[in-house]
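Residue numbers (this note's numbering), protein chains in the order written: chain A, 81 to 335; chain W, 81 to 335; chain V, 81 to 335; chain F, 81 to 335.
Take these hints with a grain of salt, some might be off.
No copy labels: a pair is met if it fits in one copy or bridges any two.
Each computed DMTMM-like pair below joins lysine to aspartate or glutamate, with the alpha-carbon atoms no more than 25 Å apart [as the list claims (entries may be wrong)]:
1. K183 x D83
2. K183 x D252
3. K141 x E157
4. K194 x E156
5. K183 x D255
6. K183 x E202
7. K109 x D255
8. K183 x E157
9. K194 x D222
10. K109 x E156
11. K183 x E167
12. K141 x D83
By construction, these hints were calculated from the structure, which means they are not laboratory data.
Number of protein chains: 4
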Amino acid sequence: MNDQLIIGGQEFQSRFILGSGKFSLELVKAVVENGGAEMVTVALRRANLGGEENILDYIPKTITLLPNTSGARTAEEAVRIARLAREMECGNFVKVEVIRDSKYLLPDNYETIKATEILAKEGFIVLPYMYPDLNVARSLVDAGASAVMPLAAPIGSNKGLCTQDFIQILVDEIDLPIIVDAGIGRPSQACQAMEMGVDAIMCNTAIATANNVALMSKAFKQAIEAGRAAYLAGLGRVLNNQAEASSPLIGFLED
Amino acid sequence: MNDQLIIGGQEFQSRFILGSGKFSLELVKAVVENGGAEMVTVALRRANLGGEENILDYIPKTITLLPNTSGARTAEEAVRIARLAREMECGNFVKVEVIRDSKYLLPDNYETIKATEILAKEGFIVLPYMYPDLNVARSLVDAGASAVMPLAAPIGSNKGLCTQDFIQILVDEIDLPIIVDAGIGRPSQACQAMEMGVDAIMCNTAIATANNVALMSKAFKQAIEAGRAAYLAGLGRVLNNQAEASSPLIGFLED
Amino acid sequence: MNDQLIIGGQEFQSRFILGSGKFSLELVKAVVENGGAEMVTVALRRANLGGEENILDYIPKTITLLPNTSGARTAEEAVRIARLAREMECGNFVKVEVIRDSKYLLPDNYETIKATEILAKEGFIVLPYMYPDLNVARSLVDAGASAVMPLAAPIGSNKGLCTQDFIQILVDEIDLPIIVDAGIGRPSQACQAMEMGVDAIMCNTAIATANNVALMSKAFKQAIEAGRAAYLAGLGRVLNNQAEASSPLIGFLED
Amino acid sequence: MNDQLIIGGQEFQSRFILGSGKFSLELVKAVVENGGAEMVTVALRRANLGGEENILDYIPKTITLLPNTSGARTAEEAVRIARLAREMECGNFVKVEVIRDSKYLLPDNYETIKATEILAKEGFIVLPYMYPDLNVARSLVDAGASAVMPLAAPIGSNKGLCTQDFIQILVDEIDLPIIVDAGIGRPSQACQAMEMGVDAIMCNTAIATANNVALMSKAFKQAIEAGRAAYLAGLGRVLNNQAEASSPLIGFLED
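Produce the complete structure using the sequences and hints provided.
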């Protein structure tokens, strides 16, 4: 089956995007390999350590880098970080992340739209991190986004699909790849999102807080593939107030 | 990693048990192969068709058969069916299923305990289908069960883990393999059960009601493996009222 | 509206039954009054303190006592406690509670059926505390129970309606009053159970662990009444994948 | 207990706000009385029928009118409708509702902020209907809103608290009355929102789609009061993996 994810014209076999922020440099490579990621986020500062170790040394060259604009509180700051990342040869992809709220780390949707518009015009492939609001997603489409990245729950919370109903609306209404980013805490939750028709999952904390990071990476890889396969296979109906014998052949003995 | 499931002294690599009742004979083989099942249920009647086609012809010889006692309304009937199955060379494994209720098809726990006790004494490897009640599970242990098979939801409903809290209690308190059987409707639900520490999943309707049966079989296989890996890897903590930056390196630009 | 709850031939206006076990004697009266309870459980030992204070002194004479058999591990012990309670002039009502499991305090359904049968024959009005299993509920009907008291979650946990799907089955199939007992932790959960068609709620811990016990009693009273009214009024339909304007008069300005 | 809701300097005893859009004129009065509402929404068109019947004739004079801007697709249109309503002597309260999306009827947060700012400066007491986004709520505070009205689920869906986690954030972080508006389908859901600390509930469809409208109005009234009382009383703790005997007096018989 040829089921590729295409973002900004580039093809991906994997639907698992790794957020690398919580991993030591030593772990990044193991997580990428076990999780089968083909795209990995990079915070500017980690690619920017001068004479010291650079995260880019730990990421295989075949991986697409996704620099993020973490630290930006306004569209202007996000744009500045994105440009710097491109100058540092991190490529054309950028995850726009504009956050003013320091407790829940919720994205500022309107500044995100502004940054997306500016960067898309400059030729970036823009993946905005967003609070899942249909009207905003439509504005992001208009602004030239190449995908939208709605949150499932606050960053790092591992709370799961708190925004489920509204992500479903994005899946149904928005004609761009939908990448669930932030809050997914377990492989089963990643699987569930994929069953809903989401196109990819970004994950960081759920893996970083597991006891066995490499094994959890593999678990996410499989769960995301399982959810995608289930979506393509077409889920069965649910019966609410009854059962149904597992076989037309089941009957009572004396029947 | 050597992570085997052992039931009745026999080792299994796969934690997916296929309920075959809803599949045409043509489909059984595809489902077994794509799902990687090593154990498959067989209803007596399907193995009992005289000159006609026999389901056993469609199940690879390496597969462990799990004859069930479907159709039994009492312990006595279940015992009788189990003995017939053994005579027909279906082996020593038996899934005890005693159901009097024809709407919700809920198992009769007390008749199940009785049948389990009789059959275990006769040398069967007994896997009783049960309503997830801790006191009953303890009685099943005493009766000689080799595993317990609590339901997630009514048979064929695809409703998912309606009994979640009580299956967790069985996982924590019962020293036998726990196999969730009935009601699992999606790979993500199978994954979630496995993350809880359940030992295996039996599935039938969720696959049979999918549009693409072979692909859904594969999805369940992966989801069950993912859930097992996540359980072994150790799930991360959940934050309820806050977020946590994905990186200690995240800070605001001017900080 | 004349909407009475009838148990054992006796009429009740209130559908809130108070479990008194966690209250100091001083608080019982306030809780009864604020909650509007007409039936209150009494543990034998609290009615049995010889020269000391007796809980019965704190319960208004108009209240129906519901002695429970807490402490019983077998049917035999439950029967013995029930008889003692009757000798102490606690009346004919008895809540049968047989618990062997000391961690989750889950009822032993089988011993509960046995005790119910014996006590019903002796003229008691028997309300058995049970794990919500349809087959067992049917056996309790046959044994002469006057109501069934399925648990929502483990006693004292405040976890809410963990057994929701199976309590709904009892509501739909069992022709006796269904009283949800144990696990209800918030007024909204009591309200939800009543909306499902449950006949009454027993509550103890949720009130006893509130900061303001009298006010929480009142909250439960109102929530139970609200849920009953909603059940009688008939809940509206749910739309899953769309919205519906609140008014046929809503239209866009220029329409 | 003196527990008033204060919006725009005006005191309310009732925390139930009635959306009147789905009711025939005949029913409005019954719903207001049974629900104890002190504030009722009015769509401009219903107050604007010239020689014909006018909804204002059916609303008691003691009720505060809350004209809404339904039909507005932009801030400008909302402002225009609000001014018309004031000219028609509907008072200074206005519910700003700006909706461009015709399938899910989700509010346009950005246009809502703009309309709020303009109307607040003109002396209106502005209650904006919003998608529950913390950053937007903060902007609405800055814009001069007198309360915020986050949705629970799409209008008219009766789906309940789909946005629960994010409404809780508003309750915790925003220093204005939080009124849950849209999506509440059952009294238990209204009760649950109030237990979370929400200040008031607006309801329309759940009552309009009930079989018995007057009785459902009463149910909502009680459930909202119950939830408020529970919030003030302080909910008890939840135990996740165990039970707790309802009485220190419970022990096994022979202990």
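Verification of the hints:
{"no.": "1", "hint": "K183 x D83", "result": "neither (38 Å within a copy, 30 Å between copies)"}
{"no.": "2", "hint": "K183 x D252", "result": "between (31 Å within a copy, 11 Å between copies)"}
{"no.": "3", "hint": "K141 x E157", "result": "neither (28 Å within a copy, 53 Å between copies)"}
{"no.": "4", "hint": "K194 x E156", "result": "both (9 Å within a copy, 22 Å between copies)"}
{"no.": "5", "hint": "K183 x D255", "result": "between (32 Å within a copy, 16 Å between copies)"}
{"no.": "6", "hint": "K183 x E202", "result": "neither (32 Å within a copy, 34 Å between copies)"}
{"no.": "7", "hint": "K109 x D255", "result": "neither (33 Å within a copy, 38 Å between copies)"}
{"no.": "8", "hint": "K183 x E157", "result": "within (20 Å within a copy, 35 Å between copies)"}
{"no.": "9", "hint": "K194 x D222", "result": "both (11 Å within a copy, 20 Å between copies)"}
{"no.": "10", "hint": "K109 x E156", "result": "neither (32 Å within a copy, 53 Å between copies)"}
{"no.": "11", "hint": "K183 x E167", "result": "neither (31 Å within a copy, 43 Å between copies)"}
{"no.": "12", "hint": "K141 x D83", "result": "within (23 Å within a copy, 34 Å between copies)"}
When the structure is compared with the earlier hints, violations turn up for hints 1, 3, 6, 7, 10 and 11 and for no others.
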